[in-house]
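Starting from the given sequences, assemble the full structure and let the hints guide the process.
4 protein chains.
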Amino acid sequence: MSNVIVIYHSGYGHTKKQAEAVAEGAKADLIAIDANGDITEADWLKLEVAKAIIFGSPTYMGSVSWQFKKFADASSKAWFTQKWKNKIFAGFTNSASLNGDKFSTIQYFITLAMQHSGVWVGTGLLPASTKAAKRDDTNSLGGFSGALMATPSDATVEEVNKGDLETAKLLGVRVAEFANKI
Amino acid sequence: MSNVIVIYHSGYGHTKKQAEAVAEGAKADLIAIDANGDITEADWLKLEVAKAIIFGSPTYMGSVSWQFKKFADASSKAWFTQKWKNKIFAGFTNSASLNGDKFSTIQYFITLAMQHSGVWVGTGLLPASTKAAKRDDTNSLGGFSGALMATPSDATVEEVNKGDLETAKLLGVRVAEFANKI
Amino acid sequence: MSNVIVIYHSGYGHTKKQAEAVAEGAKADLIAIDANGDITEADWLKLEVAKAIIFGSPTYMGSVSWQFKKFADASSKAWFTQKWKNKIFAGFTNSASLNGDKFSTIQYFITLAMQHSGVWVGTGLLPASTKAAKRDDTNSLGGFSGALMATPSDATVEEVNKGDLETAKLLGVRVAEFANKI
Amino acid sequence: MSNVIVIYHSGYGHTKKQAEAVAEGAKADLIAIDANGDITEADWLKLEVAKAIIFGSPTYMGSVSWQFKKFADASSKAWFTQKWKNKIFAGFTNSASLNGDKFSTIQYFITLAMQHSGVWVGTGLLPASTKAAKRDDTNSLGGFSGALMATPSDATVEEVNKGDLETAKLLGVRVAEFANKI
Numbered sequence: 003m004s005n006v007i008v009i010y011h012s013g014y015g016h017t018k019k020q021a022e023a024v025a026e027g028a029k030a031d032l033i034a035i036d037a038n039g040d041i042t043e044a045d046w047l048k049l050e051v052a053k054a055i056i057f058g059s060p061t062y063m064g065s066v067s068w069q070f071k072k073f074a075d076a077s078s079k080a081w082f083t084q085k086w087k088n089k090i091f092a093g094f095t096n097s098a099s100l101n102g103d104k105f106s107t108i109q110y111f112i113t114l115a116m117q118h119s120g121v122w123v124g125t126g127l128l129p130a131s132t133k134a135a136k137r138d139d140t141n142s143l144g145g146f147s148g149a150l151m152a153t154p155s156d157a158t159v160e161e162v163n164k165g166d167l168e169t170a171k172l173l174g175v176r177v178a179e180f181a182n183k184i
Numbered sequence: 003m004s005n006v007i008v009i010y011h012s013g014y015g016h017t018k019k020q021a022e023a024v025a026e027g028a029k030a031d032l033i034a035i036d037a038n039g040d041i042t043e044a045d046w047l048k049l050e051v052a053k054a055i056i057f058g059s060p061t062y063m064g065s066v067s068w069q070f071k072k073f074a075d076a077s078s079k080a081w082f083t084q085k086w087k088n089k090i091f092a093g094f095t096n097s098a099s100l101n102g103d104k105f106s107t108i109q110y111f112i113t114l115a116m117q118h119s120g121v122w123v124g125t126g127l128l129p130a131s132t133k134a135a136k137r138d139d140t141n142s143l144g145g146f147s148g149a150l151m152a153t154p155s156d157a158t159v160e161e162v163n164k165g166d167l168e169t170a171k172l173l174g175v176r177v178a179e180f181a182n183k184i
Numbered sequence: 003m004s005n006v007i008v009i010y011h012s013g014y015g016h017t018k019k020q021a022e023a024v025a026e027g028a029k030a031d032l033i034a035i036d037a038n039g040d041i042t043e044a045d046w047l048k049l050e051v052a053k054a055i056i057f058g059s060p061t062y063m064g065s066v067s068w069q070f071k072k073f074a075d076a077s078s079k080a081w082f083t084q085k086w087k088n089k090i091f092a093g094f095t096n097s098a099s100l101n102g103d104k105f106s107t108i109q110y111f112i113t114l115a116m117q118h119s120g121v122w123v124g125t126g127l128l129p130a131s132t133k134a135a136k137r138d139d140t141n142s143l144g145g146f147s148g149a150l151m152a153t154p155s156d157a158t159v160e161e162v163n164k165g166d167l168e169t170a171k172l173l174g175v176r177v178a179e180f181a182n183k184i
Numbered sequence: 003m004s005n006v007i008v009i010y011h012s013g014y015g016h017t018k019k020q021a022e023a024v025a026e027g028a029k030a031d032l033i034a035i036d037a038n039g040d041i042t043e044a045d046w047l048k049l050e051v052a053k054a055i056i057f058g059s060p061t062y063m064g065s066v067s068w069q070f071k072k073f074a075d076a077s078s079k080a081w082f083t084q085k086w087k088n089k090i091f092a093g094f095t096n097s098a099s100l101n102g103d104k105f106s107t108i109q110y111f112i113t114l115a116m117q118h119s120g121v122w123v124g125t126g127l128l129p130a131s132t133k134a135a136k137r138d139d140t141n142s143l144g145g146f147s148g149a150l151m152a153t154p155s156d157a158t159v160e161e162v163n164k165g166d167l168e169t170a171k172l173l174g175v176r177v178a179e180f181a182n183k184i
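Protein chains in written order, with the working numbering: chain A, 3 to 184; chain B, 3 to 184; chain C, 3 to 184; chain D, 3 to 184.
Treat each hint with caution, since some may be false.
Identical copies look the same in the list; a pair holds intra-copy or inter-copy alike.
Stated by the list, open to error - Subject to a maximum C-alpha distance of 30 Å in a straight line, what follows is the list of computed BS3-like cross-link-like pairs (lysine-lysine):
hint	residue 1	residue 2
1	87	133
2	85	133
3	87	164
4	53	171
If you're looking for bench data, these hints aren't it; they were derived computationally from the structure. Just so you know, these numbers come straight off a predicted model, no measurement behind them.
Okay, structure coming up:
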C-alpha cells in the first residue's frame, strides 16, 4: 500500500483522468468518491494511515462538487480527534473554462487541509506564459496552489489536455517527495 | 408571495434561526434545503421569479454544507439559461468559532451569485469593535460581505446570539430595499 | 463628468489598455493611480460623487499591485464615514498566465467593495469554453466575478488580447446600466 | 542566526506584539517592513537562507497593508529564480473586529507562499468555541490557516489579547518544528 492517497470525485471521467495522472506521479493509491458522495470504511482507514492526501474535484458552480463536499463534511469525524494532523495535503481541479473559478476550488482544498492541521504543498512549477507558450506545455494555465486542468465543455475523456495531465503528474511527484521527507 | 427568497440549509436548527431573522427583515419567503440537499420543483419556480435570493448555510469544514452545495450544483440548470441574471443576492452563515472560516463560506456564496450574473449586496454595517463593544451588539463579529453568526458548539437553538440575529435581520432589510429598487 | 469612474493602476501599460476598454464601455472617466500609489484630492472627490466605481489592477504576486493597495488603504478615510455606501462596484485584472491567481485579485476587489457597503456587479457573461472557442472570443478565460485579461509575459501593450478587451468593454457597459438604474 | 524569519509590517504596534510572540515561539529573527514598504539588502539575504518564513500584517481594508504588499511585489525577484522554493511558510494577522476579513489576509499569504513554491503550515490548533470559552483562551477566534488576533480599535499596544498572543507563540513553535524536520 502506498503512503500517498489521491481521493477525488469525477462526474464525467475527465477529473478521473487527472487523478490517475497525479497518482502515477505519486505512485499513490486512488480512492474514488462515489456518485452519492460516499467512500467505504476501508477507505477512511487508508486515509488515516497515509502520509499524504491529495484532493481532487471538478469545479462545479464555483467550488468542489457536492459529492466532494459530502466527503469533506464527513471528515469532521477525523477532525475532532485530529487524525490527519501533520499529513501532507495537495489538490487539483478540472473545469471547462481556462480560468473559471478553479482557484476557488483550490482555496477550499487548502482551507479544509488547514482545519485538519495539515501541511499544504502546491505545484512548485513556474507557468508557461510567454507568447511562444502552448496549451500542451506544462503548467500553461499557471497554477501554483494546486494543479489545474481545463477541458472544453464538449471534449471527451480522451481529449483532456496533455500538458495539464503532465502538470498533474508532476504535482504527484512533488507530493511523494515531501511524503518521504517528513 | 414575496419577491425575496431566503434559501438555506440548517443542520441542527441554529442557522434556521438566523434564516428566520433574515426573512423577518426582508419580509421574505423561506425555502429550507432538506437533509438530502433537495428542494421541490415549486421551490425552483419561486427562485426563478424572485427579485432577490439570499443564501444561508452553516460553515462546515470550511465552507457551505454539502446539502447547500448540492443545491448550488443543481442550480447549473438555471445557470445554462441564465434564469437568475440580474437578481440581487446576499448571504449569511453560522459556525461555532468567532472567526473560524466563515468568510470562506461567504466568498463561495458570492462566487456562485456571480456565475448566475447576479448583483451582490453585503451587510452595509460598520462593525462594533471598540473596547466597549459587546457580543450582543449589531455586527460585533465584523461581517461586511455577508451576515455572520457565531454559536458556541454546545449552545442550544434558543441560545443563538441576539446581536447576530439582529445583524441577520438588518441584512434582510437591506436586501429588500435593493429588491424594490432594481 | 461621468457618473462612472474607472480607477486603476498599471505597471507597464497592459492594464491601462484594459482600463480604457472598460471606460469606453461605461462612458466612464479614468483615474490612474500613480507609480507611488497616489491619486489627487480632485480624484477623491470624483470618487465620492460617482454612482459606480470600477477597480482595476494587474495581478502581481497573487493579488493587486501595492500601488492599488495603497489606494485601498487610503480609502479607509471614506470608509469611516461610509461615503461610498450603496455605490455600484466592479473590477478587472490582467496577468501573464491564463489562470494564474487572477481570481484572488477579483476576490480582493469584492472584499474592499463590501467594506465600503457597495453593491458588486460581475461580467454577466457566459464563458466561451467549447472546443471551437478561440482566445479572441468574448470571455474565453471564463471570468464571472470580474473581467479577466491574460497577456503573455513578453507581449507588448499593442498585443493585448482582442477578446479580453471586448470582455472588459462589456463589463463597462453592464456597470453603466446598473449605475443608471439605482 | 535563526533558520526561521518572521517578516511583518505593523502600523501602530499591535501586529508588532503579535510578531514578537510568534518569534518567541519559533526562536526566530524578526524583520520589520518599514513605513515605506521596504526592507534592507541584508534582510533579503536572511530570507534567502532561512528554512522558514512567517508573514505578518495587520488586515487593512480587507487584506495585507500596502507596505506588506510592496514587500510581496518586490519578492518577484526571488520568485523568478525560485529562491524560496520548498521553504516552510506560515502567517498571522491582527485587526479590530473579531471576524472582520482576517481570513482574506491569510488567504493572500498562502497564495504568495504558493507562488514561491513553498509549503504552508497553519496553527494546528483546535478552536476554543464552547459556551465556557473565553477570549483569553488559546485560539478563541478559531484560526486554522494562520494565527489570528483581534484588538479593539481603541486598545493600546499593551492591551492586545493574551490568548491571541499565546496562539501566535504556538504558531511559531509549530513552524520551528517543521523547519527542523525538512
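Hints and how they fare:
With identical chains, the CA atoms of residue 87 and residue 133 are at most 30 Å apart between copies only, with a shortest distance of 25 Å across copies and 43 Å within one. Taking CA atoms no more than 30 Å apart as the test, residue 85 paired with residue 133 passes between copies only; the shortest distance there is 25 Å, against 46 Å inside one copy. In this assembly of identical chains, the alpha carbons of residue 87 and residue 164 lie at most 30 Å apart only when taken from different copies (25 Å versus 34 Å within one copy). In the homo-oligomer, the alpha carbons of residue 53 and residue 171 lie at most 30 Å apart both inside one protomer (18 Å) and across protomers (26 Å), since each shortest distance falls under that limit.
When the structure is compared with the earlier hints, no violation turns up for any of them.
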